[in-house]
Structures are given as structure tokens and as C-alpha cells.
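Use these hints to put chain B onto chain A, whose structure you have.
Protein chains: 2
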Amino acid sequence: MKAIVLFSGGVDSTTCLALAVDRFTNKEVLALSLYYGQKHDKELQASKAIANYYNIEHKILDLKEIFEGSSCSLLKDSNLEIPIGSYKQQLEKTTSPLSTYVPYRNGLFLSVATSIALSYNASYIYYGAHQDETSSAYPDTSKEFNQAISKAIYLGSGKQVEVIAPFVSQTKDQIVKKGLELKVPYQLTWSCYQGKNKACGKCATCIDRQKAFLKNGIKDPIEYEVRIDEGK
Amino acid sequence: MKAIVLFSGGVDSTTCLALAVDRFTNKEVLALSLYYGQKHDKELQASKAIANYYNIEHKILDLKEIFEGSSCSLLKDSNLEIPIGSYKQQLEKTTSPLSTYVPYRNGLFLSVATSIALSYNASYIYYGAHQDETSSAYPDTSKEFNQAISKAIYLGSGKQVEVIAPFVSQTKDQIVKKGLELKVPYQLTWSCYQGKNKACGKCATCIDRQKAFLKNGIKDPIEYEVRIDEGK
Numbered sequence: 001m002k003a004i005v006l007f008s009g010g011v012d013s014t015t016c017l018a019l020a021v022d023r024f025t026n027k028e029v030l031a032l033s034l035y036y037g038q039k040h041d042k043e044l045q046a047s048k049a050i051a052n053y054y055n056i057e058h059k060i061l062d063l064k065e066i067f068e069g070s071s072c073s074l075l076k077d078s079n080l081e082i083p084i085g086s087y088k089q090q091l092e093k094t095t096s097p098l099s100t101y102v103p104y105r106n107g108l109f110l111s112v113a114t115s116i117a118l119s120y121n122a123s124y125i126y127y128g129a130h131q132d133e134t135s136s137a138y139p140d141t142s143k144e145f146n147q148a149i150s151k152a153i154y155l156g157s158g159k160q161v162e163v164i165a166p167f168v169s170q171t172k173d174q175i176v177k178k179g180l181e182l183k184v185p186y187q188l189t190w191s192c193y194q195g196k197n198k199a200c201g202k203c204a205t206c207i208d209r210q211k212a213f214l215k216n217g218i219k220d221p222i223e224y225e226v227r228i229d230e231g232k
Numbered sequence: 001m002k003a004i005v006l007f008s009g010g011v012d013s014t015t016c017l018a019l020a021v022d023r024f025t026n027k028e029v030l031a032l033s034l035y036y037g038q039k040h041d042k043e044l045q046a047s048k049a050i051a052n053y054y055n056i057e058h059k060i061l062d063l064k065e066i067f068e069g070s071s072c073s074l075l076k077d078s079n080l081e082i083p084i085g086s087y088k089q090q091l092e093k094t095t096s097p098l099s100t101y102v103p104y105r106n107g108l109f110l111s112v113a114t115s116i117a118l119s120y121n122a123s124y125i126y127y128g129a130h131q132d133e134t135s136s137a138y139p140d141t142s143k144e145f146n147q148a149i150s151k152a153i154y155l156g157s158g159k160q161v162e163v164i165a166p167f168v169s170q171t172k173d174q175i176v177k178k179g180l181e182l183k184v185p186y187q188l189t190w191s192c193y194q195g196k197n198k199a200c201g202k203c204a205t206c207i208d209r210q211k212a213f214l215k216n217g218i219k220d221p222i223e224y225e226v227r228i229d230e231g232k
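Heads up: the sequence lines are chains A and B, in that order. Taking my numbering, the leading residue of the first sequence gets 1, the next gets one more, and so forth. Taking my numbering, the leading residue of the second sequence gets 1, the next gets one more, and so forth.
Just to be clear, a hint being listed does not mean it is correct.
What the hints assert, rightly or not - No farther apart than 25 Å at their CA atoms in a straight line, the calculated lysine-lysine pairs in the BS3-like style are these: (1) K64/B <-> K2/A; (2) K159/A <-> K143/B; (3) K88/A <-> K159/B; (4) K183/B <-> K59/A; (5) K76/A <-> K64/B; (6) K76/B <-> K64/A; (7) K143/A <-> K159/B; (8) K183/A <-> K198/A; (9) K178/B <-> K93/A; (10) K159/B <-> K183/B; (11) K159/B <-> K64/A; (12) K159/A <-> K93/B; (13) K59/B <-> K76/A; (14) K183/B <-> K64/A; (15) K48/B <-> K159/A; (16) K219/B <-> K64/A; (17) K151/A <-> K143/B; (18) K76/B <-> K151/A; (19) K143/B <-> K143/A; (20) K39/A <-> K48/B; (21) K143/B <-> K64/A; (22) K64/A <-> K64/B; (23) K159/A <-> K64/B; (24) K151/A <-> K151/B; (25) K59/B <-> K159/A; (26) K42/B <-> K48/A; (27) K151/B <-> K59/A; (28) K151/B <-> K143/A; (29) K202/B <-> K151/B.
It should be emphasised that the hints constitute simulated quantities derived from the structure, not laboratory data.
Next up, chain A with everything else stripped away, as it sits in the complex:
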């Protein structure tokens, strides 16, 4: 195995996966999806369909026990409602991490991927951190965090594993641009924080992805309950 891709089944990680498969072959890439106790498993279903589409090995681990005790609103055991509105609107109201911040999720997931990379003799971990409002909302997606964790992983793995964050200086619409070139099957992805039949269209991540497609002059190919790109 050459590369492990942290793979949620959303827009960013699916584009990462496409990049890894483009650089290596489908037999040299392992997609790693980590369940952490979220309210629904729509992302996992999406990730299975996409792994199947690319014909790659897909490993799913359940880490929910680690997050027991967290009040993060994405988690099944939380009493908090998932907020409505864009990241920007939410960040205007608070200086703390948002209720949708899963405690140190990226740090944890990258560490799990490192242990697995070492066991599988893979040298690279791909993950989809990028540069926009989410870096203020989620401290474990910032450039500074990425630099520090990449160094820690390189040193702590005995210089055997390197983190690749191809979008760390890019915005989501640039990710989608790259993905469209790579013919990413975005119709199979899932991002919505809610677990309904269709994506809600109103949570921060639904707003975010619709805008990213719009900036590329096209409509997001998934179905929404409410669209912000209607008639455009």
C-alpha cells in the first residue's frame, strides 16, 4: 500500500481520494473511514459507494467510545441541536469552537491513519483540510495545526510517514474545480450534518458546498430539501 486517505465521503476527502488514485493506482490506495458516533451514518453509506466506484480497499473503524462524554452537536448522545446557517453567521456570534467541532477529530484521525500506514507500509496520508471559514470554526483544520501535526507524524513514525494536505491553502470552490477535472463522482458524496433522506440545504456544510459548485458555474449534483442555487 502506498497511501491512506482519510475519507468521510464528503466533497473534500473524495477529491483527495481522486488525487491519490490519480497519483498511484487503485490497488495502492486505502480509504479509511472513521465512525465517531454521529447522529446518522449517511456519510459512511456514501463512503462505501465511492470506495466501490473507485474499486479500492476500504477500512471502517468505530471510534465512538472515545467521544463518549462529548457534547458535540453532531453526536448521537448529544442534547444539542445541529445549528442552521453558514459558518460565517455562526462565527459572528461566538469566539469558541462551534458546537459541531468534534473534539480534536482531525488530530485523532490522522494519528489513527499513521498507525495504520505503518502497519501497511504506506508512506503517505492524504487528508482534505482546506482554507476558509471552517479553519476558524474548527481549530484542527488550520494551516498552523497542519504544519505541527505533519511534523509530529513524520518524527513520531521514525520518518516513515508524510502527511499530504493538498488543499490546505485552497478554498472549497478550488477543490471542486480540481475534482471536476478529475471527474469525481460528486453525485455519490454526502456532507449534510442532518441524516434525512435528502441533504437539508440549510446547515453550514450544505451551504458551503452549494456555493462551491456555484462558483464553478454549476449546480451541486446531489438532491437538497432546500437549495440556495435555485434558478441560477
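Leaving out everything else, chain B in the frame of chain A:
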């Protein structure tokens, strides 16, 4: 909760625990023990006895699935024998991490502790990395690694969690010196890589701890099959 202590039930982490309980109170410290699929559970048994001794909350999580596929000789599923002889002797024969290196274990464990610290509103994570042959044997115990991961955890937690590695510039005999001052119940600890009734006395970690006690002028209080401190 104020502090989470990464707690294996060995000499270093038990001394860390004693430091944390000394700084805070037993109600403000949570000991976190992580099972990773090792050949025996003697360490976990020891950790339970010590947590009980200090009357602190003790959380045990099973992470063995993450290490499936690793050939590390400490793991139940590995075909490799646990090596005999000191770290120094083993390191003279190889430049790779030793077969007892559990892939990125410290990085992973610190990340798990960070997620839990955030859920429990704890601001500190204590862990027992120290400065001697083990830093060459295990890349995830070096000073440089500790600096990088501490920064990653501080940034990725939204500046809410700090890593405390009180022994990162100290040797094991200095740890034991501090522990003796704090009256650490070393008779309850377990370090041996083997899972026999008594500690084997011949694996790297058994040799290491006997020497550390000897340098402090006393015998290691646990029972060994073979001692290196006999008659001293």
C-alpha cells in the same frame, strides 16, 4: 476534571500520575489506559490496582482494531518473538525502530487523550516520555516529537489542552528518584513485555527498570524470575 494521565501501569506513567495527583487532587485527575492488543493484560491489571490505590477515576478503552495488521512483537496477533536483552544491545544491531515499537502508539494515545480532555474540560495531559535509550528505540518518545505533538495538540484543541511531559529531559533513574519522594507504590507496577506470573527480568524494559532502582541504591520492589540486581 483538570488532568488526564496516559497511564500504562508502568514506572514512568505511574510516577506521572503521582505528580498529577500531587499538583491537583485525586478527584481532578483521570487515568486513561489504552489496550492495543498486547499479548497479555498484566499492565491493565496493574493499572487498575494503582488507580484504586490513588482512588481516581480510571477509563480503559480498547484500541486493538487500529493495530490489526501490525507485526509489532508485543501484539497478540504477531508471529515475532519479544526480544531478550537491553535496548542498547538491540540498537547496536539495527537502525530501524525495534520490533517492540507499537506503530505511532504515543501519537495516537496523546490524540485520544486530547479528545477526552476536551470532553471532560481538562486542560492538561500528562505522559511519561523520557530521555534515554528508549528515545532511539521509539521515535514517538523523542524530545523533538514531544515538541511537535504538543504544539499540534495545543493548536488543534483551540488552545484548550496542554501536554505536560515532566520527564522529557530526564532518565529513568531520575524518574524513580522523584517517585520515591512521592511514595509511588512501585510494588504495584508492571513493565515486563512478557505476561508471565513474575516479570522475566531479561527483556529490555525489565533490565531498564532494575537499573533505574539500582542507581537509586535500592532494589526494584517487584518480583522477577531472574534479577540483575542480586546481591547488590
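Against the structure, the hints come out as follows:
1. Simply put, K64/B and K2/A have alpha-carbon atoms about 23 Å apart, close enough for the 25 Å limit, and the pair holds.
2. Under the criterion of a C-alpha separation no larger than 25 Å, the hint pairing K159/A with K143/B is consistent with the structure, at around 15 Å.
3. Among the hinted pairs, K88/A with K159/B is consistent with the structure: their alpha-carbon atoms are about 21 Å apart, no more than 25 Å.
4. Of the supplied pair hints, the one linking K183/B and K59/A is violated, its CA atoms being roughly 46 Å apart against a limit of 25 Å.
5. Only pairs whose Cα atoms come within 25 Å are accepted, and K76/A paired with K64/B is accepted, the gap being roughly 24 Å.
6. With a C-alpha separation of about 24 Å, the suggested pairing of K76/B with K64/A holds against the 25 Å cut-off.
7. Using a Cα cut-off of 25 Å, the hinted pair K143/A and K159/B holds, with the two alpha carbons roughly 15 Å apart.
8. For a cut-off of 25 Å, the pair hint linking K183/A to K198/A stands: about 23 Å separates their Cα positions.
9. Of the pairs offered as hints, the one joining K178/B and K93/A is violated, with about 47 Å between alpha carbons and a cut-off of 25 Å exceeded.
10. In summary, the hint linking K159/B to K183/B is not supported, as the alpha carbons are separated by about 33 Å, beyond the 25 Å threshold.
11. A distance of roughly 23 Å separates the Cα atoms of K159/B and K64/A; the hinted pair therefore holds under the 25 Å criterion.
12. Restraint check for K159/A and K93/B: the C-alpha separation of about 19 Å stays at or below 25 Å, so the hint holds.
13. With a C-alpha separation of about 21 Å, the suggested pairing of K59/B with K76/A holds against the 25 Å cut-off.
14. About 37 Å separates the Cα atoms of K183/B and K64/A, which puts this hinted pair outside 25 Å; it is violated.
15. The hinted pair formed by K48/B and K159/A fails the criterion: a straight-line CA distance of about 35 Å is larger than 25 Å.
16. Between K219/B and K64/A the alpha-carbon distance is near 43 Å, which puts this suggested pair outside the 25 Å criterion.
17. Of the supplied pair hints, the one linking K151/A and K143/B holds, its CA atoms being roughly 13 Å apart against a limit of 25 Å.
18. For a cut-off of 25 Å, the pair hint linking K76/B to K151/A is broken: about 30 Å separates their Cα positions.
19. Taken as a hint, the K143/B and K143/A pair is honoured in the structure, with Cα atoms around 23 Å apart against an allowance of 25 Å.
20. Between the alpha carbons of K39/A and K48/B the distance comes to roughly 33 Å, so the proposed pair goes past 25 Å and is violated.
21. For the hint linking K143/B to K64/A, the alpha-carbon distance of about 31 Å lies beyond 25 Å, and the restraint is violated.
22. Note on K64/A and K64/B: the hinted pairing holds, with a Cα-Cα distance of about 14 Å set against a maximum of 25 Å.
23. For the hint pairing K159/A with K64/B, the CA-to-CA distance comes to about 23 Å; that is within 25 Å, so the pair holds.
24. The straight-line distance between the Cα atoms of K151/A and K151/B is roughly 10 Å, inside the 25 Å bound, and the hint therefore holds.
25. For the hint pairing K59/B with K159/A, the CA-to-CA distance comes to about 31 Å; that exceeds 25 Å, so the pair is violated.
26. Distance restraint check for K42/B and K48/A: the Cα-Cα separation of roughly 39 Å exceeds the 25 Å cut-off, and the hinted pair is therefore not satisfied.
27. Pair hint K151/B plus K59/A does not hold up; C-alpha atoms about 29 Å apart against a cutoff of 25 Å.
28. A hinted pair counts as satisfied when its Cα atoms are at most 25 Å apart, and K151/B with K143/A qualifies at roughly 13 Å.
29. Simply put, K202/B and K151/B have alpha-carbon atoms about 37 Å apart, too far for the 25 Å limit, and the pair is violated.
Hints 4, 9, 10, 14, 15, 16, 18, 20, 21, 25, 26, 27, 29 from the earlier list are contradicted by this structure; the remaining hints agree with it.
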